[in-house]
Amino acid sequence: MSKTSRHIQTLVLILFAAYALAPVYLVLLASMRSEADLFSGPLALPWPINIDNFLRVWRESGFAAYFFNSLKISAAVTVLVLLSAPLAGFAFAKMRFAGREGLFALFLAGLVVPAPSVIVALYGNLQTLGLIDNQIGVILPQAALLMPFSVFMMRTVMQEIPDELIEASTMDGATLFGTFIRIVVPIARPGLMSLTLIVFLFSWQEYLLPLVVLQTETLKPITVGAASLQGRYGVDYGGIAAAGLIAFAPIVVLFLIMQRSFVRGLSAGAVK
Amino acid sequence: MSDRTAYIFLLPALVLYVAFVALPIAQVVGYSLFEWDQGIIGDFAGLSNFERMGGDTVFWAALSHNAIWVVLTLAFPLMAGLLLAAILAERNQHVIRWMSAIYFIPRTIPLVVAGIIWGWIYNPIFGLLNYMLESVGLGGWTGAWLAQSETALLSLNVVGAWTFFGFCVVIYLAAIQSIDPSLYEAAEIDGAGWGRKFRDITVPLLKNSTLFLGLYAAIEAMRFFDLVWVTTQGGPGYATEVLTTHIYKTFFLVGDFGYAAALSVVLLAIVLAISSISYFLLRAK
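Line by line, the protein sequences are chains A and B. Positions 50 to 321 (the working numbering) are the ones given, in order, by the first sequence. Positions 372 to 656 (the working numbering) are the ones given, in order, by the second sequence.
Hints listed in this document are in silico derivations from the structure and should not be mistaken for laboratory results. Being a predicted model, the structure only gives us computed values, none of them experimental. Cβ atoms here follow ideal geometry from the backbone N, Cα and C, with glycine treated the same way. Keep in mind that the hints are not guaranteed to be accurate.
Where chain B lies over chain A, by a calculated footprint (3+ residues, C-beta under 8 Å) [stated by the list, open to error]:
| no. | region |
| --- | --- |
| 1 | 105–114 |
| 2 | 212–218 |
| 3 | 232–240 |
| 4 | 244–252 |
Take a look, some chain B residues computed to stay more than 10 Å from chain A by CB distance [unchecked claim]:
| no. | residue |
| --- | --- |
| 5 | Pro383 |
| 6 | Ser419 |
| 7 | Asn463 |
| 8 | Gln464 |
| 9 | Ala472 |
| 10 | Leu482 |
| 11 | Ile550 |
| 12 | Lys578 |
| 13 | Gly606 |
| 14 | Phe651 |
Restraint-style ranges between C-beta atoms, simulated for each label pair [as the list claims (entries may be wrong)]:
| no. | chain 1 | residue 1 | chain 2 | residue 2 | range |
| --- | --- | --- | --- | --- | --- |
| 15 | A | Asp212 | B | Leu652 | 22 to 32 Å |
| 16 | B | Gly410 | A | Glu209 | 46 to 56 Å |
| 17 | B | Ile411 | A | Val61 | 52 to 62 Å |
| 18 | A | Tyr74 | B | Asn463 | 20 to 30 Å |
Take these sequences, add in the hints, and give me the full structure.
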């Protein structure tokens, strides 16, 4: 390849990196800009660096509560999925039973079901159960909507576990559940790690369910909080930028640390 | 090993899934066949809720926007992902790791927050886009990007593409790395340049990944809601209305349960059709 065309390719790589990062960079700048510095143009470096926006948003607009609600809801969804999907994935991968194909097809169909398409019935059901304006009313449907993907992914992970290991353990008299806990879970740990991250990421990002289910301000997660802040703060761009940053920074950092695990999970099923 | 053990293993996942996904789907289908008054179920209405769609211009506008979204996604982030992956594949491990991480970052950002950030970039007064256009002497091109019906959908799609192209890079990259390198070496001996190798080896061998990403993009294009809702809520007018926002408005704002259910059934039918097509196409390989 000629030098010029290699340079052009490098330029393309850099241009797209700018496309990916510019909005993030912009938010970072705006969040640290003081009011006096507001009109020096969106790309000027903020000086003096100022963390008032973060303090204001965190303390005064209830953003601390939004943040911890997100943490709580996402953690609960993740735990629910982790307690159920690996077992189901294991059953589909390693056990033979009547109705296996049919049940798997049932889960498979749910892989693409969008929350807005079931909300019409789900909302009424949650009302009947008394779960409107209750975080459990977000957690249970959220875990359920993520279940098909999780079961599907876990089935793929479990299929890779050698049958001999499972047979050897059950032959020694262990129950299947004991085998699952002592043999299968440790081997499947990288897959379980990926599942944890992805489910956490998806529930952190969820917007529609908490938007319609939760009404009390102190119960809402960060996505709903950030959106309502946008309306309330009007032109306080520093505040909105700080809020946005609080909403995505932890996930971005988590992703950068655990990149391999994340990507393996998200591309599960795609390459196979 | 008895069937019972298997069912016990399946039970937790199945109960959650049936209670909060499968059952609501069945209910939505049922609801769509009835008349509703103030949230109370009335007479059996047959398919009359579905017949109303014929004359519902918002529905058709929404559906066409979903379709445009698919086409735009295939045209931009998918192609960009393919090109970037092909370029990256020839760089060293460090570059690959870093660049794919950078491209992927937007996908980790919640769409709501992405919508807020980009809504701000597009802001006609404070926005970065107009600012940059002016500073390079293109002041005549500035606009109220999300507030004009000609540019709103396209501007939103740029945001959608922003969150999606990194995913395409990752998927394509994994596929390229599994291509037998001797194919490229043979082509090089025959004197093929980068463009030739890309066109004759990379693109054809990535057909499956392209198929997967295309169908994935199509399903995502039918499902998305957050991005539209936090930026334009379907406006201006109905310029960015999509099926999900139409359902949301029909249900929560108009309170027309039967029709909202019928729209949900259409949405479900479309995504399930796309996913079964993809299942059979990808299985067949």
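Verification of the hints:
1. 105–114: violated (count 0)
2. 212–218: Per the Cβ count (0), the hint is violated.
3. 232–240: violated (count 0)
4. 244–252: violated (count 1)
5. Pro383: violated (4 Å)
6. Ser419: The claim stands: serine 419/B keeps its Cβ more than 10 Å from every Cβ of chain A (closest is about 17 Å).
7. Asn463: holds (13 Å)
8. Gln464: Glutamine 464/B is indeed farther than 10 Å from all Cβ atoms of chain A, at 13 Å.
9. Ala472: violated (5 Å)
10. Leu482: Given that some Cβ of chain A is not farther than 10 Å from that of leucine 482/B, nearest at about 7 Å, it is violated.
11. Ile550: holds (12 Å)
12. Lys578: Holds, because the least Cβ-Cβ distance between lysine 578/B and chain A comes to about 14 Å, which exceeds 10 Å.
13. Gly606: For glycine 606/B, whose nearest Cβ neighbour in chain A is about 15 Å away, the distance exceeds 10 Å, so it holds.
14. Phe651: holds (12 Å)
15. Asp212/A / Leu652/B: 22 to 32 Å: Roughly 30 Å apart at Cβ, these two residues keep to the hinted range, so it holds.
16. Gly410/B / Glu209/A: 46 to 56 Å: holds (49 Å)
17. Ile411/B / Val61/A: 52 to 62 Å: holds (59 Å)
18. Tyr74/A / Asn463/B: 20 to 30 Å: holds (25 Å)
Of the numbered hints stated above, those contradicted by the structure are hints 1, 2, 3, 4, 5, 9 and 10, listed in ascending order.
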